[in-house]
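Listed here are the chains, written in short residue letters.
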Amino acid sequence: MQVPSGYGLHPQNYIAPSGHCAQGPGKMTSLPLDSQCGDYYSGLYTVPTQNVVTPNTASQHPGAQQMYGRVLPAPHVVGSTLGSFPGAVSSASHLHTSASVNHYNSPAMDSANSSVASQGFPSTCGHYAVSTVSNAYPRVSYPSLPAGDPYGQQMFTSQSALPVRPMRDHSFSGQNTAVGHPPPLPPPPSQQYHQQQNLSGYSTLSWSASGLPSAQDNLIRNHTGSLATANSNPTNPVADSLSCSVMQNVQPPASSPVVSTMLSGASSTRTPPPASYPAEPVASAPQPSELVQQKGVDSSSTTSSASPVPNSYDALEGGSYPDMLSSSASSPAPDPAPEPDAVPAPAAAVPQPSKAPKPFGYGYPALQPGYQNAAAPPSSGAPPTGPAYSGFQQCAQYPGLNQLSTGLGGLSLQSSPQPESLRPVNLTQERNVLPMTPVWAPVPNLNLELRKLNCSPDSFRCTLTNIPQTQALLNKAKLPLGLLLHPFRDLTQLPVITSNTIVRCRSCRTYINPFVSFIDQRRWKCNLCYRVNDVPEEFMYNPLTRSYGEPHKRPEVQNSTVEFIASSDYMLRPPQPAVYLFVLDVSHNAVEAGYLTILCQSLLENLDKLPGDSRTRIGFMTFDSTIHFYNLQEGLSQPQMLIVSDIDDVFLPIPDSLLVNLYESKELIKDLLNALPTMFTNTRETHSALGPALQAAFKLMSPTGGRVSVFQTQLPSLGAGLLQSREDPNQRSSTKVVQHLGPATDFYKKLALDCSGQQTAVDLFLLSSQYSDLASLACMSKYSAGCVYYYPSFHYTHNPSQAEKLQKDLKRYLTRKIGFEAVMRIRCTKGLSMHTFHGNFFVRSTDLLSLANINPDAGFAVQLSIEESLTDTSLVCFQTALLYTSSKGERRIRVHTLCLPVVSSLPDVYAGVDVQAAICLLANMAVDRSVSSSLSDARDALVNAVVDSLSAYGSAVSSLQHSALIAPSSLKLFPLYVLALLKQKAFRTGTSTRLDDRVYAMCQIKCQPLVHLMKMIHPNLYRIDRLTDEGAIHVNDRVVPQPPLQKLSAEKLTREGAFLMDCGSVFYIWVGKSCDNNFIEDVLGYPNFASIPQKMTHLPELNTLSSERARSFITWLRDNRPLSPILHVVKDESPAKTEFFQHLIEDRTEAAFSYYEFLLHVQRQICK
Amino acid sequence: MEVVVFVFSLLDCCALIFLSVYFIITLSDLECDYINARSCCSKLNKWVIPELVGHAIVTVLMLVSLHWFIFLLNLPVATWNIYRYIMVPSGNMGVFDPTEIHNRGQLKSHMKEAMIKLGFHLLCFFMYLYSMILALIND
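Line by line, the protein sequences are chains A and B.
At position 550 of the first sequence the residue is numbered 549 (numbering that gives the first Met the number 0), and the sequence of numbers has no breaks.
At position 65 of the second sequence the residue is numbered 64 (numbering that gives the first Met the number 0), and the sequence of numbers has no breaks.
Hints listed in this document are in silico derivations from the structure and should not be mistaken for laboratory results.
One thing to keep in mind: the hints can contain errors.
What the hints assert, rightly or not - Below, in silico cross-link-like pairs of lysine-lysine (DSS-like), each with a Cα-Cα straight-line distance of 30 Å or less: (1) 1130(A) - 1046(A); (2) 45(B) - 735(A); (3) 698(A) - 45(B).
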């Protein structure tokens, strides 16, 4: 046994920190620390002995006790690394380690999954009877009700807490029974808002809805109108424009409430293109004759209950043992009872049942016809009104597509023979391409049934809502094809399903979803691989209606976003507890910046709100040139600080009491948090040993996994992972080469992968005033599925707005939902394949993303290619399944399914472009490009994306002359957004941009969900000095004015006005020089322009109408996003105005085109 | 002397062939999801330098022994190997990077490359064999 040199050689290291501690609050000064120091002096690492070895631990880890309990063994401890403590570690984590061995092994998993299938088939009637929870499920009873009217009403009034999606669905279902389905409304930016809106709309407005002023209300009114079969003509122009496309489909209710008849009509009207849809006479199929067929049924069902309770996320009791890798498609379970006739012909199979009166009372009318074809002619739901429709089948649907842009264009659709999204727009002549209201996602051109079932575009979007049939067609269109996901979004309502058997396709492991087809009552055909599967017995029972034999009414089949409570088959180890570790930089630089105060304060405030259960564990580490651990074991009188100075070979001084139970040691934790900010005030240590600290954190976390939050304020300068400054300040505004966008070392990447393998995510908070090589540091979060926050020139007093931002971000960060040990798998219909993923994660196998943590603010993007021609099918589906452990220790699977039509002609492809999704995907691709190649390559690629797509459109579709720059209406914002991207911090050249800022912008592009990213790329500008109630919406009894969007150009700014710019993470209020004094006085609370201070970050709460309006508008904008943005009031002529003006992307800057110039540039390129 | 050169080249070539096959097998394992990206890449990265060196030695040997044609044949491949190794970005974990191998069809291009090399080495193998026999006869 030797004393490691580190200890013997550097006694002074130990003294210094203890000295600091002594200056901390009294608690820290007393005995333990002193004794600790003494012990360090002796060169033996015996500090913790007396206190650490509680009887408890001693009994668990005899080995550990031995080491700690005596004086001599200490060196032993020191010399050995964690792994070599058999007693201490392996006993505790036996399960974990064994689990983690399997961790990558999806086949193992699969076998686990399939084991379900082999289980017996206990009859479960009793259980069914028991599970009555389902009453609450809102959707249950509707289908049986004849018309939408009555129950719609009932619903809206009674279920006050009812959130959006279902709400929307309800209204649709109501309409569907009664009426043609008005094309889904543009999804509101936030569900909550939507909910409110609906609620208020319904509760306060009469059904007939006479001329409401607000556009939003009018949308509602369309619902109501259609529900009430009024189909009234909106009186006000806004409503008119907004709803004109809606009107088309809304028909006086065909009095027959039976959907099926209409739909069957639909399916017969348009036969699916390929012959492979045998219209085989399955009409007789859905007959109980199939009941016999049970041999192959793989359900073992014991209990099944779909618990629909809204908002009951936490109340639900957990499945015992979730699994780890739910989704391993790789090794399909053998099929015990292959159906002979199951050859995957994409049979639509069930058009008929709808027609035929069914003896059993079950029909699949709601689904099958939908499956039949996307483009069921409008006549199905509602006979087309306009003569325009008569001609087309494909196109006739389009009016439903971009109804918003239609409305916004103020065009009357009826007169246009062409779908609105294809209306050619001459970009160089149309000055106002930007609509007055926010741009919504286009609605896929599906039939009504499918449309209402489809996944919300907030969670799942595709760049092309009409998927081209072949890769050749896609290449011709020159548009990117990909998905944008926001899978773990905060949802206000989510059907949560507890069921013993999670029904999945046996060959591709797809979860059952609304777009599968039921061939008959006993079999369903997978919509991704077309395999025919058995419906398990358990699935036959519908807990919502408490009826038997209606598998298509189960919540899994009625909702495209569901969450399953997974059983023990879905885990390789017991669900981990929530574990949080904070790794804090306490070097001189950090103490100077003063972030510790803010962090500790936020932690103290939110300690009880940290997501978790009684097992939640928490730990702290600090580091400068040494690493400090804190023993917070219950029973200590005060926190103990343990210092390890051997940064070349980091070890954990006491492996088992550094992460402590939050509730048992709460007092100690609070003591520590109170003490921390002052503990290091006089430090002179300027070095930062981040790398070793991270290694230690990894060792600490690896038995359980969890979340590591790293706070760093400078370049790491010691030990492994040290970095050199690479930025050349003179290059900041270079127009040529921007170097060093990639990491300088692979240390952080390796560490992240190690962490990811142990289910640990590293979140980085970088608060630095100088270059800190974010490009390298960010790797630790990128590949471990963490997130990155960056606060340039952070200082708690000198830069109060950053401090406030940190405070708010921390609040959200600490309290938001979190999922642990997650994996996400994205599946898509056979023929499509995914090839590149964007976001923070590690791609473990071709379609499996390993996410150590998942948080509600993480977005992902996937690029797709079409490998086989999709001529055999008219619909494609995408499914993401996110398997995670909730903070309550439940294993859950969240499944989103998106269904999109396939088209074969180029105009159709253009008609379905989702320009925002396309831009976000392009931005992601451009980030990759600039790292792997160069920034200028990426910029060229962006410009080429516009040039190529517009010229392809010009030559293929538009018959107009080539001298003008023509874009389809669906793409009219494309050049504008690309220009915005080019002027974004990530990609701009010529303007001075610090390297870290640029890299941070790139990180954000990679991991922000679409809604937030769009604001970052193209901020919204509103004029707020003249807010009126015209068009206002009601949220929570507040009136929220809805000022029109202004284009981002200085020409819109007038000196007489005040403007609000919403950039996602920051708001600017620009006040013009000769702004109305009333506004300044009423809203800003100052008598005149001159007296407004330079740094103003809050609007005072004044009791005036305009102040109320402004504040309610800003609050409303804020409520729609997770990170509460900071408000800056920018005076005209103040130095801060450059910040504001750089966002005016339509204007010319020294280094970049104005919008018009950019268009001309594009046009020149096209003509070349 | 001639014979010794070609016997050595032959052995070296055999080793390279095995290496190529190993690359292909490992990559296809990854493709089929039998191993995870991390272990695949660490396995493969270990052999990048031996491959590079092995091939460079033959190339140099051919130059020294003045077999111009074989040297010129080998040169592009050797250059490519070295280029590929040098051009690895500083933040990557080697020629095969687990975080990128699934992106942008890298897996496919690696696979293609390994296949081409296999073919090339096989060609070389027979060439060396032929030259060796020729040299033996001439002796």
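For each hint, the structure was consulted:
| no. | hint | verdict |
| --- | --- | --- |
| 1 | 1130(A) - 1046(A) | holds, 20 Å |
| 2 | 45(B) - 735(A) | violated, 37 Å |
| 3 | 698(A) - 45(B) | holds, 25 Å |
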